[in-house]
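Work the whole structure out from these sequences, hints included.
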Amino acid sequence: MSEMKKIKNLKEFSTSADRFEGANLLCPGCAHSIIVREVLNATNDDLVLSASTGCLEVCTAVYPYTSWDASWIHIGFENGSTAVAGAEAMHKALKRKGRLKQPERNPKFISFAGDGASYDIGFQWISGCMERGHNMMHVVLDNEVYANTGGQRSSSTPIGSSTTTAPAGRVSYGEKKNKKDMVSIMASHGIPYAAQVAPNKWKDMVKKIQHGMAVEGPVFINAVSPCTTEWKFDPKDTMLLTDLATDSLVFPLYEIIDGHELNITYRPKNVIPVEEYLAAQGRFKHLFKDEYKHLIKEWQERVDANWEYLNRREEARV
Amino acid sequence: MAFDKMELRDIEVWDGNFAAAQAMRQCQIDVVSAYPITPSTPIVEGYAKFLADNYVEGEFVMVESEHAAMSGCIGAAAAGGRVATATSSQGFALMVETLYQASGMRLPIVLNVVNRALAAPLNVNGDHSDMYLGRDCGWIQLDAYCPQDAYDLNFIAFKVAEDHDVRLPCMVHQDGFMTSHTAQGVHTLDDDTAYSFVGDFKPMNDMLDFEHPVTHGVQTEEDWHFEHKARQHHDLMTKVMPKIQAAFDAFEKLSGRKYNIVEKYDMDDADVAVVCMGTSVETAREVATEMREKGIKAGVVGLRVVRPFPFFEIQEALKDVKAIAALDRSSPNGAPGMLFNEIAGALFNTDTKALLSGYIYGLGGRDLTKRHLTDLYTELQANADAGKVLTPLQQFIGVRGPKLQFL
Ligand SMILES: Cc1ncc(C[n+]2csc(CCOP(=O)(O)OP(=O)(O)O)c2C)c(N)n1
Ligand code: SF4
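Chains A and B supply the protein sequences, listed in that same order.
Oh and the first sequence: position 286 is 286 in UniProt numbering, straight run, nothing missing.
Oh and the second sequence: position 173 is 173 in UniProt numbering, straight run, nothing missing.
In short, the hints are calculated from the structure, not lab data.
Hints are not guaranteed to be accurate.
Claimed, not checked - Below are the SDA-like pairs computed for lysine to any residue, each with C-alpha atoms no more than 20 Å apart in a straight line:
{"#": "1", "chain 1": "A", "residue 1": "Lys95", "chain 2": "B", "residue 2": "Met204"}
{"#": "2", "chain 1": "A", "residue 1": "Lys95", "chain 2": "B", "residue 2": "Glu222"}
{"#": "3", "chain 1": "B", "residue 1": "Lys264", "chain 2": "B", "residue 2": "Ala344"}
{"#": "4", "chain 1": "A", "residue 1": "Lys203", "chain 2": "A", "residue 2": "Met4"}
{"#": "5", "chain 1": "A", "residue 1": "Lys92", "chain 2": "B", "residue 2": "Glu57"}
{"#": "6", "chain 1": "A", "residue 1": "Lys92", "chain 2": "B", "residue 2": "Asn54"}
{"#": "7", "chain 1": "A", "residue 1": "Lys11", "chain 2": "A", "residue 2": "Asn44"}
Below, the structure is given as structure tokens:
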């Protein structure tokens, strides 16, 4: 195990490694790039990375350019996790055979994918990787929508959000289903570590990424990734949106160790009403019409219940 | 822990699946990422057992689908090592997306395809529907007619695919059950000789060289996509055949066994010829010999390399014949058969006046009998004598019910 990287402050953290270039085609204010930088900056180890088809992929490796100063592969929409699993298997094989070019190096294997590529089409591939126990980390850039193809719903899209395939209209308030609880599903594979992170809580993020990289076996990370284009907010407000998400407990931060031990890692001092989170985004604008006001109340109840549920799981230690 | 060598007799009785598995063992595959399907399953089971018995050193990743199997192969190959897997039919169909991705990334993966029908209706037996489904995927495709070929062509496949001038994945086809599950005498190579033929894997642009990070599988738009695809196609059409020929020559030196890009049988003075693939080549050869005893100058042209299509070799082999039958073991679904079309394409603009007819046979494992081929050669001779195709251009061999034909 190599030395864990020491990080003193945000300034040092944000400038400490440049394996993901600022030069890319992501929208101004896109949280994807912030999350990727934070994940990569948490370690000095060598990296083998993949990205599944989605905003991150199409915006960062457009021939003849690349934003990645680390080994990187993209295959398709669904199979980035398995690409990394294959590379990890090859690393094991070559290590045993004494054929690694730099045998002293201790690479980390990470796949990045959107929620569409993770919750939906890539679900089976990720489940396979987790079940087989590859020494890898899968990071979801969870913007709760298929952004790259123009804003279709995914199974991560929350109730009441207006998307192009679940649009709000004269007789519809948009998405009707509740967001899939992907972290619990993945933790149920019995993997050593699963966690939910947010780019605004960077210390929490670093801790979790470093923990994930230190354990042997598969790790699942779900990162909230506000999307200026589909959530419809001003690009300067990305971190504000992230604050609203974590502080309203819409996106609670916690970890699950060995598939059962749940720890809440962030308890906001002042919990803000869900309404504030919803009001800050165009995708929920229609919920503020009179006929849909009850949905905002239901939103609050759902978030409260989930928080309660997480607290009980933490206490129960099961 | 080093692996153990395996002592083989000069001739072993192996079926096509085990022959392929033995070749994979002797090539010392680093990673196999696989999913089971009849009739190719025993190939990867063979590798797993070799691993369990320490006859090979590597990683076996038993994934959750064929799409994942090839995805794992792609990641493993990009990481810089020798990679192989096997599949058939529905598994092949599920893989198709990744087959394009593997060839587009120029990764030298070897895929043993044990050819089988495609559902619906569901059928586990051999035909060439999956082989034809794969023909535009940018892979090299070699065709084995018997277990011996399945063994030998695996070595050729690795040698050509991993050549740094080629860097394209390669499929080795064999007929489901007829080759994969039929045991025959297979002349073997000893472990050291076999390995020395393929040699050590030489990585290129590998993801595990951290001094030289690489980006695989980029995005291109109309400004670059055409160049990438055109280059891949050009390389397939110009670089691969000479490399295959060189590998065949080197293999002959090593083993005494000679392979040709197009396998000609009694073609020197043939009036009528059958063009076919897989196990039907051997049956056709036997019938051609019998036809010669009856005074019909019959020959057989077997495709050894399906992709790239041996355009010039086919022109050369068929230049003097009067009547040709292209045998397709797949339902072309709305067009003449693939072989029919490709033979026609190759012969167009040449001086040949040969008459071409197409036959669809053997779907879902239906036998192609000597009687069928005797009738077929007789029809070809009648066409040759009449100077025109007397029968419909496209016919089905041995299908029950009211006669089905068209064109
Ligand atoms: C097999 C396949 N189906 C569909 C697509 C089209 N597609 C590309 S990206 C994408 C959505 C990506 O959404 P997500 O994974 O959430 O990532 P985001 O772009 O939101 O970051 C879709 C539907 C594809 N590339 N491949
Ligand atoms: S559409 Fe959204 S996720 Fe995609 S680049 Fe823009 S902000 Fe990022």
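**Prompt:** Of the numbered hints stated previously, which ones are contradicted by the structure, given in increasing order?
**Reply:** Hint 2 alone not satisfied by this model.
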